[in-house]
Amino acid sequence: MPCSKCQYQAVISLQHGNLCKNHFIGYFEDKVFKTINKYQLIDRNEKLCVAVSGGKDSLTVLYLTKKYLEKNSISVSNNLVALAVDEGINNYREHTLVDLKKFCTEHKVPLTIVSFQEELGKTLDQAYPIINKDTNKRPCNVCGVWRRYLLNKHAKKLGVDKVITGHNLDDEAQAIIMNIFKANTTLAARLGPISGVHEHDLFIQRVKPLYFCAEKEVRLYALLKNFQIKFSECPYSKEGYRHHIQEMLNDFEHKYKGTKQGIVNSFLATLPLLQNHEKQAPQAIQQCSKCQEASNKDICNACAMKETIQNA
Amino acid sequence: MYIEVFNEREQTTIKIEFAGTKVKDLLNQLKLNPEAFLVVRNHEVITEEETLGDNDYLELLSVISGG
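As they're listed, the protein sequences go chains A and B. Quick note on my numbering: the first sequence kicks off at 1 and runs consecutively. Quick note on my numbering: the second sequence kicks off at 313 and runs consecutively.
Just to be clear, a hint being listed does not mean it is correct.
Said to hold, decoys possible - In silico DSSO-like links for lysine-lysine, alpha-carbon gap of 27 angstroms or less:
| # | chain 1 | residue 1 | chain 2 | residue 2 |
| --- | --- | --- | --- | --- |
| 1 | B | Lys334 | A | Lys238 |
| 2 | A | Lys257 | B | Lys334 |
| 3 | A | Lys230 | A | Lys101 |
| 4 | A | Lys122 | B | Lys336 |
| 5 | A | Lys257 | B | Lys336 |
| 6 | A | Lys108 | A | Lys153 |
| 7 | A | Lys257 | B | Lys343 |
| 8 | A | Lys182 | A | Lys108 |
| 9 | A | Lys21 | B | Lys334 |
| 10 | A | Lys122 | A | Lys290 |
| 11 | A | Lys122 | A | Lys67 |
| 12 | B | Lys343 | A | Lys255 |
| 13 | A | Lys230 | B | Lys336 |
Unchecked claim - Computed footprint of chain B on chain A; a stretch qualifies when at least three of its residues, placed anywhere within it, have a C-beta under 8 angstroms from a C-beta of chain B:
| # | region |
| --- | --- |
| 14 | 6-14 |
| 15 | 208-222 |
| 16 | 249-258 |
To be verified - Short derived list, chain B residues pointing at chain A, Cβ under 8 angstroms:
| # | residue |
| --- | --- |
| 17 | Leu344 |
| 18 | Asn345 |
| 19 | Pro346 |
| 20 | Glu347 |
| 21 | Ala348 |
| 22 | Leu350 |
| 23 | Glu362 |
| 24 | Leu373 |
| 25 | Val375 |
| 26 | Ser377 |
Just so you know, the hints here were simulated from the structure itself, not pulled from any lab data. Where is the CB? At the ideal position from N, CA and C, for every residue including glycine.
Using the sequences plus the hints, can you model the full thing?
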């Protein structure tokens, strides 16, 4: 099947036509750069930290952030660093970290790796069964809280103004539906291309340049750019609620093209209302009495989980 | 016709008898959602509308990764 714009072989069929390798790469990069500009995700005076794992999303967003800085004559060496969290998931994270280290060396981006083991005393594999026994929390709940905690803490240590994440259209559509199904408007208000509702000195703002890129497009881009990514899947991923939503949305997308984009576009139309509603609620951000990081309770969720382990 | 298929997600290679004509027919036969896979033939990514030939070797690359 030929590309809709030239005579070359198409590599993907999109709603608006088929694209060959070169036209797809152009379309994809243009979409990411337009997202950055439209939502002002990057300011030329800011120091940026890309949250990386070594997977397709984070390598793509790291590569394109660097490309965006270069395109806009912003110094990469002064403004860009990468930060990874090693959760301690056996036979999974160690493989992606190998790819990540190579990628960062090749692209000359300084990389910092922090781990659950060193920072919180246990790997996820060790911590999850203990926490689950007491609280019934799933591995993704534990991992999510500790990962966000360490990213924010170490982004501050690195002195950056923003954290850039590789969240894509599929991630966002899944999160929107998860919050709707669980009636969690507070969490929903924190979604969008720029995470969070309240600005606070203790929080580093997180932004998502791949916000409008479908997961399939990101995988294709990474493949066509020859990023060395070995296939790996978190062994816990199928245990999470998100996995069921992901399968449901892929099923809908296959039957009704544009479903995920429709979910995200509808959400963006209502996001200002959700954010205004949350802004009017009394702001309860305080410092955790244990770690002095941001919390909406006396003890933050990360420290509460750490305490569960200590008391077990 | 026969098609040999490597499934990256399952890390398996199988040879199957295929009665359809296009990539989308094959994915349908394997009960795989095209949203979750890229299809590669001879190091080139092909779309769901591509016609398959006897003894084609395909790699089905998983779109979903990470956790």
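Cross-check of the supplied hints:
Between the alpha carbons of B/Lys334 and A/Lys238 the distance comes to roughly 30 angstroms, so the proposed pair goes past 27 angstroms and is violated. Using a Cα cut-off of 27 angstroms, the hinted pair A/Lys257 and B/Lys334 holds, with the two alpha carbons roughly 19 angstroms apart. A C-alpha spacing of about 13 angstroms is found between A/Lys230 and A/Lys101, which places the hinted pair at or below 27 angstroms, so the restraint holds. Taking the CA atoms of A/Lys122 and B/Lys336, the gap is near 45 angstroms; set against the 27 angstroms cutoff, the hint is violated.
Distance hint between A/Lys257 and B/Lys336 is fulfilled; the C-alpha atoms sit about 15 angstroms from each other, no more than 27 angstroms. For the suggested pair A/Lys108 and A/Lys153, the alpha carbons sit about 24 angstroms apart, so the restraint of at most 27 angstroms is met. Restraint check: the Cα-Cα separation between A/Lys257 and B/Lys343 comes to about 18 angstroms, which is no more than 27 angstroms; the hinted pair holds. Under the criterion of a C-alpha separation no larger than 27 angstroms, the hint pairing A/Lys182 with A/Lys108 is inconsistent with the structure, at around 42 angstroms.
Among the hinted pairs, A/Lys21 with B/Lys334 is consistent with the structure: their alpha-carbon atoms are about 20 angstroms apart, no more than 27 angstroms. For the proposed pair A/Lys122 and A/Lys290, the alpha carbon gap of about 17 angstroms is at most 27 angstroms, so the pair holds. For the given pair, A/Lys122 sits about 37 angstroms from A/Lys67 by alpha-carbon distance, which is inconsistent with the 27 angstroms threshold. A C-alpha spacing of about 14 angstroms is found between B/Lys343 and A/Lys255, which places the hinted pair at or below 27 angstroms, so the restraint holds.
About 25 angstroms separates the Cα atoms of A/Lys230 and B/Lys336, which keeps this hinted pair within 27 angstroms; it holds. Coverage of a stretch by a chain is defined here by at least three residues with a beta carbon nearer than 8 angstroms to that chain's beta carbons; for the region 6-14 of chain A and chain B the count is 5, and the condition holds. Given a C-beta distance limit of less than 8 angstroms, the hint that chain B covers the region 208-222 of chain A holds, as 4 residues qualify and 3 suffice. Interface restraint, the region 249-258 of chain A with chain B: holds (4 residues with C-beta to C-beta distance below 8 angstroms; minimum three).
Interface hint at B/Leu344: violated, since its Cβ lies 10 angstroms from the closest Cβ of chain A, which is beyond the 8 angstroms cut-off. Against a cut-off of 8 angstroms between C-beta atoms, the interface hint on B/Asn345 holds, since the closest Cβ of chain A lies about 5 angstroms away. Nearest Cβ of chain A to the Cβ of B/Pro346: about 6 angstroms, under the 8 angstroms cut. The hint holds. Hint status for B/Glu347 relative to chain A: holds, with the closest Cβ pair at about 4 angstroms, below 8 angstroms.
The interface hint given for B/Ala348 is met, as the beta carbon of that residue sits about 6 angstroms from the closest beta carbon of chain A, less than 8 angstroms. Residue-level restraint check for B/Leu350 holds (minimum Cβ-Cβ distance to chain A is 6 angstroms; threshold 8 angstroms). The interface hint given for B/Glu362 holds, since its Cβ lies 6 angstroms from the closest Cβ of chain A, which is under the 8 angstroms cut-off. Because the closest C-beta pair between B/Leu373 and chain A is about 7 angstroms apart, less than 8 angstroms, the hint holds.
Among the interface hints, the one on B/Val375 holds; its C-beta lies about 5 angstroms from the nearest C-beta in chain A, closer than the 8 angstroms criterion. Proximity of B/Ser377 to chain A holds as hinted, the smallest CB-CB distance being about 5 angstroms (cut-off 8 angstroms).
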